[in-house]
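Here is how the chains run, residue by residue.
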Amino acid sequence: MDNLHLDQHISRQFNADLEQLRTGLLEMGGMVEAQLADAIQAIETADGALAEKVLKVEDEVDRREIFLDAEATTILARRQPAASDLRLVLMVIKAIRDLERMGDEASKIARMALLLNDEGEAPRGYVELRHLATKVAKLVNAALDAFARFDVYSAVKVVRDDREIDVEYQSAIRELITYMMEDPRAISRVMNIMWALRALERIGDHARNIAEHIIYLVHGMDVRHISLSEVEKNIEAQK
Amino acid sequence: MSMQDTQASETVGSVFVDDAKFSVRSLSVRYGEDLAISNVSIDIAKTDVIAMIGASGCGKSTFLRSLNRMNDTIENCKVRGSIKLDNVDIYADKRDAVPLRARVGMVFQKPNPFPKSIYDNVAYGPKIHGLARKTADMDEIVETSLRRTGLWKEVKDRLTQPGTSLSGGQQQRLCIARTIAVSPEVILMDEPCSALDPIATATIEELIAELNSKYTIAIVTHSMQQAARVSNRTAYFHMGNLIEVNETEKVFTNPEHDLTESYITGRLG
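Order-wise, the sequence lines are chains R and E. Going by the working numbering, the first sequence opens with residue 1, and the numbers climb by one from there. Going by the working numbering, the second sequence opens with residue 1, and the numbers climb by one from there.
Note that these hints are calculated values from the structure, not bench results. The structure displayed is predicted, hence computed values, not measured ones. C-beta atoms are modelled at their ideal positions from N, C-alpha and C, and glycine is treated no differently. A portion of the hints provided could be inaccurate.
Claimed, not checked - Cβ pair distances, simulated, as ranges:
(1) R:Lys233 to E:Glu75: 51 to 61 Å
(2) E:Lys153 to R:Asp7: 48 to 58 Å
(3) R:Asp7 to E:Gly57: 20 to 30 Å
Build the full structure now, drawing on both the sequences and the hints.
Written out as structure tokens, the structure is:
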């Protein structure tokens, strides 16, 4: 589905350039999704080799960011895009930054996995981690899916679901702090889990950013820093 | 063309303004049987640099030429509707269009200096309109006009040389100086940079920004980047219809009409 009609320019090369930007973003997103899944598995199964692999992938994600940035710059310089084309290029420039940060956060989780391997597994926190990880992975997937289909309604759902993730993150942290107060010997190891939870929460925020960029892309409105109900009202008004 | 006056679509965007210099209502222009523009209504604000964009034959130049009755010179051209300049209909009577054209000046695509000296090119308008009694007055008008177009320093030592001896960009600035010498209120520009190189174009665009503090400016351009750079409002014409008028920033980032979007992004409409 392409409701932005990316393939309808008089210049076929321009069609191809924009399509490359779109698929490039989706590919980079796929890499980050896999990186996140591996990082979670590495921490859950204490798999050091898998954690090392996640750290290696980070370099490739960084390279993709630089490549897509250059592609977007070239389009700006050579085509002077306007309207939805301009918004697509701007959106991609912003979204690849979010994806790169997601990759950084996934690497942090992998580093926590390596630390836990050294120090021994934490006595608590894995249930919360698994729970949050499942939700965050779904959120990332939904954000990328919304981009693939330029689907504003799915994007709004991502913004909404990220709030739930924030709430669950807070409650998991409270629970683990309580535990650490009861058993101070576990502080160091539980802290590693808490850092991983923190990274997951940040990944959720970046997925929400991407969803906000999608709303900008499709409707041309900046929905950062305004309430969800206002966002929905504005989208209805655009219909 | 098979269009009818009545089937014109509604123009979207911010079409009307509070401080209108020009108020155009239900304007249709025909050349013989051909309808060049159909039922166009729009305000042009005193403070506007308004850009008219659209594909060839969309009616944007016809629209511009209606604003100072340049179409009068075309034999089978018929104009319907009303165009008010400061609330007075410029087509109300068939009186001489010359005073109107002193108030609403025009700059054309190709620089067209008269085969006269640089000085006389600028002095020509004030002379026929009787704007200067003494030579000193005329000297002042010529100098001010040339200064305002940034040409004074370049030509002040060779005012007696022919206008045609200047470069293309300088000639176009000379034509703008000639236009503003008669103290117009509005300057119409019909693709003023399409025959110029990028540097001369940039100079003219800079000049447009400066002139805007004194004059209302309406510009027809084929370069969308130019429209985006110089104008504060943009009007998009399509097959004789005025499709959209909006703030330039809105037109180029988030246009309201699908036809505008297709045109400015280079899609097949």
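Quick rundown of the hints versus the structure:
The beta-carbon spacing between Lys233 (chain R) and Glu75 (chain E), approximately 56 Å, falls within the hinted interval of 51 to 61 Å. A C-beta distance of roughly 52 Å is found between Lys153 (chain E) and Asp7 (chain R), which places it inside the suggested range of 48 to 58 Å. At roughly 27 Å, the beta carbons of Asp7 (chain R) and Gly57 (chain E) sit within the given window of 20 to 30 Å.
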